[in-house]
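**Q** Given next are the chains, with one letter for each unit.
There are 2 protein chains.
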Amino acid sequence: MGSLKLPTSAFSSIIPIRSFFHRHQHRHLCLSLKPSSASTPKTSIPPSPKEKSVSNNDQKSKPEGTITPRSQDFNAWYLDVIRHAELADYGPVRGTMVIRPYAYAIWEAIQDYLNVKFKETGHSNMYFPQLIPYSFIEKEASHVEGFSPELAVVTIGGGKELEEKLVVRPTSETIVNHMFTQWIDSYRDLPLMVNQWVNVTRWEMRTKPFLRTLEFLWQEGHTAHATPEEAEKEALQMIDVYVKFAHEQAAVPVIVGRKSKVETFAGATRTYTIEAMMGDKKALQAGTSHNLGQNFSIAFGTKFTDESGQKQHVWQTSWAISTRFVGGIIMTHGDDAGLMLPPKLAPIQVVIVPIWKKSEEKANVLEAAVSVEKVLKASGIKVKLDDSDQRTPGWKFNFWEMKGVPIRIEIGPRDVSSGTLVVSRRDVPGKQGKVFGISMEPSILESYVKDKLDEIQSSLLEKAESFRDSNIVDVNSYDELKVAISQGKWARGPWSASETEELKVKEETGATIRCFPFEQPQGAKTCLMTGNPAEEVAIFAKSY
Amino acid sequence: MGSLKLPTSAFSSIIPIRSFFHRHQHRHLCLSLKPSSASTPKTSIPPSPKEKSVSNNDQKSKPEGTITPRSQDFNAWYLDVIRHAELADYGPVRGTMVIRPYAYAIWEAIQDYLNVKFKETGHSNMYFPQLIPYSFIEKEASHVEGFSPELAVVTIGGGKELEEKLVVRPTSETIVNHMFTQWIDSYRDLPLMVNQWVNVTRWEMRTKPFLRTLEFLWQEGHTAHATPEEAEKEALQMIDVYVKFAHEQAAVPVIVGRKSKVETFAGATRTYTIEAMMGDKKALQAGTSHNLGQNFSIAFGTKFTDESGQKQHVWQTSWAISTRFVGGIIMTHGDDAGLMLPPKLAPIQVVIVPIWKKSEEKANVLEAAVSVEKVLKASGIKVKLDDSDQRTPGWKFNFWEMKGVPIRIEIGPRDVSSGTLVVSRRDVPGKQGKVFGISMEPSILESYVKDKLDEIQSSLLEKAESFRDSNIVDVNSYDELKVAISQGKWARGPWSASETEELKVKEETGATIRCFPFEQPQGAKTCLMTGNPAEEVAIFAKSY
Numbered sequence: 001m002g003s004l005k006l007p008t009s010a011f012s013s014i015i016p017i018r019s020f021f022h023r024h025q026h027r028h029l030c031l032s033l034k035p036s037s038a039s040t041p042k043t044s045i046p047p048s049p050k051e052k053s054v055s056n057n058d059q060k061s062k063p064e065g066t067i068t069p070r071s072q073d074f075n076a077w078y079l080d081v082i083r084h085a086e087l088a089d090y091g092p093v094r095g096t097m098v099i100r101p102y103a104y105a106i107w108e109a110i111q112d113y114l115n116v117k118f119k120e121t122g123h124s125n126m127y128f129p130q131l132i133p134y135s136f137i138e139k140e141a142s143h144v145e146g147f148s149p150e151l152a153v154v155t156i157g158g159g160k161e162l163e164e165k166l167v168v169r170p171t172s173e174t175i176v177n178h179m180f181t182q183w184i185d186s187y188r189d190l191p192l193m194v195n196q197w198v199n200v201t202r203w204e205m206r207t208k209p210f211l212r213t214l215e216f217l218w219q220e221g222h223t224a225h226a227t228p229e230e231a232e233k234e235a236l237q238m239i240d241v242y243v244k245f246a247h248e249q250a251a252v253p254v255i256v257g258r259k260s261k262v263e264t265f266a267g268a269t270r271t272y273t274i275e276a277m278m279g280d281k282k283a284l285q286a287g288t289s290h291n292l293g294q295n296f297s298i299a300f301g302t303k304f305t306d307e308s309g310q311k312q313h314v315w316q317t318s319w320a321i322s323t324r325f326v327g328g329i330i331m332t333h334g335d336d337a338g339l340m341l342p343p344k345l346a347p348i349q350v351v352i353v354p355i356w357k358k359s360e361e362k363a364n365v366l367e368a369a370v371s372v373e374k375v376l377k378a379s380g381i382k383v384k385l386d387d388s389d390q391r392t393p394g395w396k397f398n399f400w401e402m403k404g405v406p407i408r409i410e411i412g413p414r415d416v417s418s419g420t421l422v423v424s425r426r427d428v429p430g431k432q433g434k435v436f437g438i439s440m441e442p443s444i445l446e447s448y449v450k451d452k453l454d455e456i457q458s459s460l461l462e463k464a465e466s467f468r469d470s471n472i473v474d475v476n477s478y479d480e481l482k483v484a485i486s487q488g489k490w491a492r493g494p495w496s497a498s499e500t501e502e503l504k505v506k507e508e509t510g511a512t513i514r515c516f517p518f519e520q521p522q523g524a525k526t527c528l529m530t531g532n533p534a535e536e537v538a539i540f541a542k543s544y
Numbered sequence: 001m002g003s004l005k006l007p008t009s010a011f012s013s014i015i016p017i018r019s020f021f022h023r024h025q026h027r028h029l030c031l032s033l034k035p036s037s038a039s040t041p042k043t044s045i046p047p048s049p050k051e052k053s054v055s056n057n058d059q060k061s062k063p064e065g066t067i068t069p070r071s072q073d074f075n076a077w078y079l080d081v082i083r084h085a086e087l088a089d090y091g092p093v094r095g096t097m098v099i100r101p102y103a104y105a106i107w108e109a110i111q112d113y114l115n116v117k118f119k120e121t122g123h124s125n126m127y128f129p130q131l132i133p134y135s136f137i138e139k140e141a142s143h144v145e146g147f148s149p150e151l152a153v154v155t156i157g158g159g160k161e162l163e164e165k166l167v168v169r170p171t172s173e174t175i176v177n178h179m180f181t182q183w184i185d186s187y188r189d190l191p192l193m194v195n196q197w198v199n200v201t202r203w204e205m206r207t208k209p210f211l212r213t214l215e216f217l218w219q220e221g222h223t224a225h226a227t228p229e230e231a232e233k234e235a236l237q238m239i240d241v242y243v244k245f246a247h248e249q250a251a252v253p254v255i256v257g258r259k260s261k262v263e264t265f266a267g268a269t270r271t272y273t274i275e276a277m278m279g280d281k282k283a284l285q286a287g288t289s290h291n292l293g294q295n296f297s298i299a300f301g302t303k304f305t306d307e308s309g310q311k312q313h314v315w316q317t318s319w320a321i322s323t324r325f326v327g328g329i330i331m332t333h334g335d336d337a338g339l340m341l342p343p344k345l346a347p348i349q350v351v352i353v354p355i356w357k358k359s360e361e362k363a364n365v366l367e368a369a370v371s372v373e374k375v376l377k378a379s380g381i382k383v384k385l386d387d388s389d390q391r392t393p394g395w396k397f398n399f400w401e402m403k404g405v406p407i408r409i410e411i412g413p414r415d416v417s418s419g420t421l422v423v424s425r426r427d428v429p430g431k432q433g434k435v436f437g438i439s440m441e442p443s444i445l446e447s448y449v450k451d452k453l454d455e456i457q458s459s460l461l462e463k464a465e466s467f468r469d470s471n472i473v474d475v476n477s478y479d480e481l482k483v484a485i486s487q488g489k490w491a492r493g494p495w496s497a498s499e500t501e502e503l504k505v506k507e508e509t510g511a512t513i514r515c516f517p518f519e520q521p522q523g524a525k526t527c528l529m530t531g532n533p534a535e536e537v538a539i540f541a542k543s544y
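Chains D and Z are the protein sequences, given in the same order. Start counting the first sequence at 1; every next residue gets the next number (the numbering used here). Start counting the second sequence at 1; every next residue gets the next number (the numbering used here).
One chain only, chain D, in its complex shape (with noise of 0.2 angstroms):
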């Protein structure tokens, strides 16, 4: 369940309580090394309506409000983003993040995809409570050393003083082999295999909103099987499903492979990993799936009959995905313009803006306008029709840009007589990505707005796919590895060094090897470190 227990890379900032309501502040507190923020160039962007109203005559073409370009301060323009586009505040204790509709609407996206490929695939949700003995976490000697220094403890219940200790889940292996151990007995109860929906707690130190709060939702999936190839199937089937969700709903390309010793969940044999890049090029752990082996079943004594009457314990697994996510969306495939939200997990897909100039233009435009919203929704679109009088077209184009939206649909006095729309794609900015005379005929329409959907979403993957491919480095030596870690790259060699070795790579570059692909070139292999053979490469990269 490691996706939010990377080791903090050296380029982490630390968020001060609700920073990113107070940009000025946090840039002095947090990011010294950035140029002074008076200095800064700015793209014009709106605020939200809910933060700043104006009146029904303060109608502005250009509204007020700044996000810092993406290319001069990644960081800063992140924040930026989930400020204007509402994804997210922090709560009132340090660290936690409240998540506001718009981003909780992707969260839910989310859910419903991977929902159905859990159960696809043989699992029950259910719900394990979030309390958890502190000796429990202590049974398995890596857990405890992985997550001790992170726990919330509860010690106060009801006013008194608690006997033992609680911790509040960080992660729920330990609870789970306590229950598992009461309801495995014998191979026919083999697999167990179920998932929840919860909120994990880790008190990290260093925060930023989605990619490590204090507090974050996720889905654990934990398994038990008879036998060791069973579990090893089952680790490697659930990050093949992580694989197919990044690709085909988020539009993230990632790199599917196995973590190193020293990167390996507390507790785990194996641990495989999805590891995206992100805008900045920095990598970004997006899923984990564990095989946990016998580790959790012997320290909690789950063992079952076997075929032949033996006893054994059970062979298990662990796998997440978080609100962490929602974060590599946005450093994914955002711009200077805002966020850029994949078709497929876009809470909407379709904005329509009515134009009109003159009173009497408006109720044509508007009833075309109603009557696009309804084709759009009747074959399934997720549409929104922004009719408000108390914002300009400019302003609301300016905004739905800001929170994503594929595609803008606009509707004026002209198009209404020729009874066409002009179409705006978000991933293409400007003219180029706008067309004129789309005919308002339904069965046209809908099929041209789908078809226009599904090109965004292949789109968006091959822009991400191309722009990481060429930001990876193959190298065959430390120094060429050191150079392209300094560019700000991935370092991609064959690596049989030792984990001291590993270490004094991170130390000295800020890298950590992310994964060993299961995509290996073909070959003989010499280290890059020792200059012994090596039987995989490895990818180096710095990471959030």
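No lab work stands behind these hints: they were computed from the structure. Cβ coordinates follow ideal geometry from the N, Cα and C atoms, glycine included. Where hints are given, some of them may not hold.
Said to hold, decoys possible - Label-pair restraints from in silico Cβ distances:
hint, chain 1, residue 1, chain 2, residue 2, range
1, Z, E161, D, K261, 33 to 41 angstroms
2, Z, A363, D, E307, 19 to 27 angstroms
3, D, Q522, Z, K362, 45 to 53 angstroms
Let chain D serve as the given structure and place chain Z on it in line with the hints.
**A** Then chain Z, alone, in the frame of chain D:
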């Protein structure tokens, strides 16, 4: 948010950890008023296949395992059903509960229905952090009084003593208002209407699975409005959503009304409630909707500028339904054979049990069963084919009755020859509920099963309604009230007495005012306690 805030009835029992895995121990420890378990007659029911497996050669038509008859010991029956239908287990921490897949699927069905209704009525889902600064809880005077005795408090984070203690969310009004204060500026930001599906923690001393646990799952809606009228309308709208849910989905008839001041949620100006009568005639508060007035907005400074430019505090509501409702469904419909689920919330609506004796019959019977399964699945019915070799048909009948599946289809060799099957209703025991010779022809079968499911759904509601109505007694004096309560019934009578007298009733009879029902008898009324004029009748009952 008081769905688990009921005053603890004198008849609640303290259930030790894992007690319903150890029934005898439990009896001994908790229910000392009951006859010893040795003399307890038992209804034969099967153990769960996960709990006890039999070998292939060990087929039994009358499986071991027992369930206490409902009429004999309602509490023991309830715990037996929860265990044998695999609904829940206690977690390792006293009073916490593991919700097993079958019960969780009921909860998911509840979520699916309510989510649609919440969105239709203009609410968005989102997520607020669960860790709340202790000082927040103290800001609203009656809120702190109500909740401080049952808080779980985090005092250690990341290995260090915290400067300010943190409360694990018992309900979220305080943190919601902290955020609303940042989001609300003008009347244009109103109404603000959100909901979250989360876990909450309350340090209850007397716990019982589903009904009252240290941690439970719920949804909590939170809204802010510009006028008291709008807030009142919203509070009423949401209690109405709950009424419809209870009646139409859960087949649980409820009486909707207003709580007395004494029973109003800590921090609300008015609490609306739905009250259901359980099989033992005790009342269950099954959902609440609160008009919070300006109590929290004053405490947290949640203001908006109204249309005339004046600053005003917002008017708020909150409303909740929890996993407690699953307990309500068990205790409304269940019988001596176990759980009985309303078709609309049943994870499995139809179970198919194929029956054969000679191995040459097996192939034909299974083929027919599979094709019936396909037909029903294709028409959207939740169907399960129990084709396991390890259990006899008789065992399966008992098992799926225990699980409360509304319809059982039996298919034997003779049925296959005649192209028919047998349909048994869970809610009509024995031969009376069994219809032979139903055609397997897809369109006939589909419409027959759908009609039957509708019939069962209505029949469960009617049965529960008539049970309830026959157990509510109209009373006109305190003596009549005492008689009714001592008979275990609900008493309905005119009430305009003081809080002191309300508390006296509780002390002397164990009954509380469940609500002043919306539906009131016509005509002049005289307070049953004081003889003074009364405007309303109240309902008194013992409750969970």
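**Q** Of the numbered hints stated earlier in the document, which are not met by this structure?
**A** none
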